[in-house]
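Undergrad: Sequence:
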Amino acid sequence: MKDRELDNEALRMMAETMEHLRHTAEMMERDIPIIRVCKLCGSANIAKHGIIKGVLRYRCKDCKRTFMADDNLPDMKTPKDVIMSALNMYYEGMSLHAIRRQLDLMHGYRPSVSTLYGWLTRYSDKAIRQAERFTPQVGDVWVADETVLKLDFEGNIWFWDLIYAKTRFLLSSHLSKKRTIADALKLMKMAEARAGKIPQLVLTDKLHAYIDGIEMAWGADATHVPSKGFKKPLNTNIIERMHGTIKSRTKVMRGLKDIKSAKRFMDGWLIHYNYFRPHEYLGGKTPADKAGIDFPFKSWGDVVTGKEDVVDIGMRLIRASPKPVKRRVKRRRRVLVKSTPSLKGIRS
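Start counting the sequence shown at 4; every next residue gets the next number (the working numbering).
Bear in mind the hints are in silico, worked out from the structure with no lab data behind them. For each residue, glycine too, the CB sits at the ideal point set by N, CA and C. Be careful, since some hints might not be right.
With beta-carbon atoms standing in for the labels, derived distance ranges [claimed, not checked]:
id : residue 1 : residue 2 : range
1  : Val151    : Ala223    : 27 to 35 angstroms
2  : Lys301    : Leu108    : 44 to 52 angstroms
3  : Val144    : Val58     : 54 to 62 angstroms
4  : Leu285    : Asn91     : 30 to 38 angstroms
5  : Ala223    : Thr124    : 24 to 32 angstroms
6  : Cys44     : Arg113    : 29 to 37 angstroms
7  : Ala101    : Arg280    : 35 to 43 angstroms
8  : Met193    : Ile55     : 47 to 55 angstroms
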């Protein structure tokens with residue numbers, strides 16, 4: 004009796020193995036990713052959970068959630084290659100409508116403008132949060148400058164930026180409608196917070212707002228040197244070249260709605276400039292490489308597919324807020340009060 008049970012168990016295990024091999028071969032033939040772990044929690048405790056439009060669905064026995072056996076990201080219907088391509092094209096200067104046409108040619112997928120904007124917002128914010136964890140290694144000579152950007156929704160706005168001259172690492176940036184002392188002061192303080200130190204020398208153009216802005220920020224601890232022209236040894240030519248690159252990218256900002264959206268684009272582009280875009284002057288390396296930063300993401304593709312490190316860095320932890328608990332509210336019983344007769348009714 005026991006031998007028969009053992010034989011039945013062996014036959015059952017053999018049948019399961021053959022079914023698994025058949026299923027694997029079928030998926031390889033159809034070029035479908037072979038799922039071995041849960042997309043959402045990484046657990047290997049998964050099981051098949053039906054088929055939707057010819058694609059297998061799995062259910063995780065640990066996190067109790069379902070996911071599809073495709074190349075899409077968790078909780079998203081779009082393949083990750085499409086999102087990677089969109090991010091790269093956007094920060095390299097293509098407009099949203101041009102990106103839609105290119106994605107249609109490359110992947111046969113034409114997302115809406117609002118969908119593209121959602122991807123840009125989601126993954127740019129993710130990269131910005133990660134960048135806030137790192138402090139670049141910078142020296143004592145900083146270069147600051149400002150340039151005007153022509154935008155359809157606001158007219159002309161001013162883009163302020165400050166970089167470390169040797170590594171070209173951009174420490175701070177700021178958008179404003181005017182060029183005031185308060186704007187110059189804000190630029191300096193943002194750079195100080197990013198670098199964790201103050202400079203010995205700040206090179207700027209001849210804008211008078213820098214004189215008081217640097218004095219209010221650091222007093223006599225930092226020396227302000229106005230540029231005397233591009234032919235002189237001390238000039239702002241380094242940052243002016245970067246402004247030319249930025250202005251070539253601002254054409255993609257025409258589809259943005261307000262200055263807040265423009266600020267998000269600039270923050271995302273500065274991540275692209277510091278961490279992902281190789282610099283010819285730096286020997287094909289990025290400013291972040293030269294600044295001694297071991298950034299976990301090496302491209303926008305890594306931002307899309309990589310997991311975000313959540314650590315306590317003196318700021319609030321990035322966590323999903325819990326769902327509000329629904330509470331039953333007992334209604335008070337209405338008490339009927341008999342109306343008193345009016346004076347007119349009593350007299351009658």
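Undergrad: Now tell me if each hint is right for this structure.
TA: Hints, verified against the model:
1. Checked against the hint of 27 to 35 angstroms, the pair Val151 and Ala223 passes, with Cβ atoms roughly 32 angstroms apart.
2. For Lys301 paired with Leu108, a C-beta distance near 26 angstroms fails the hint of 44 to 52 angstroms.
3. Between Val144 and Val58 the C-beta distance comes to about 57 angstroms, which sits within the given range of 54 to 62 angstroms.
4. Look at Leu285 against Asn91: about 20 angstroms separates their beta carbons, and that is not inside 30 to 38 angstroms.
5. For Ala223 paired with Thr124, a C-beta distance near 43 angstroms fails the hint of 24 to 32 angstroms.
6. Between Cys44 and Arg113, the C-beta spacing of about 33 angstroms keeps the proposed range 29 to 37 angstroms intact.
7. Our hint of 35 to 43 angstroms for Ala101 and Arg280 is violated, since their Cβ atoms are close to 19 angstroms apart.
8. A hinted range of 47 to 55 angstroms holds for the C-beta pair Met193 and Ile55, which are about 48 angstroms apart.
Going down the numbered hints, you'll see the structure goes against 2, 4, 5, 7, while the others check out.
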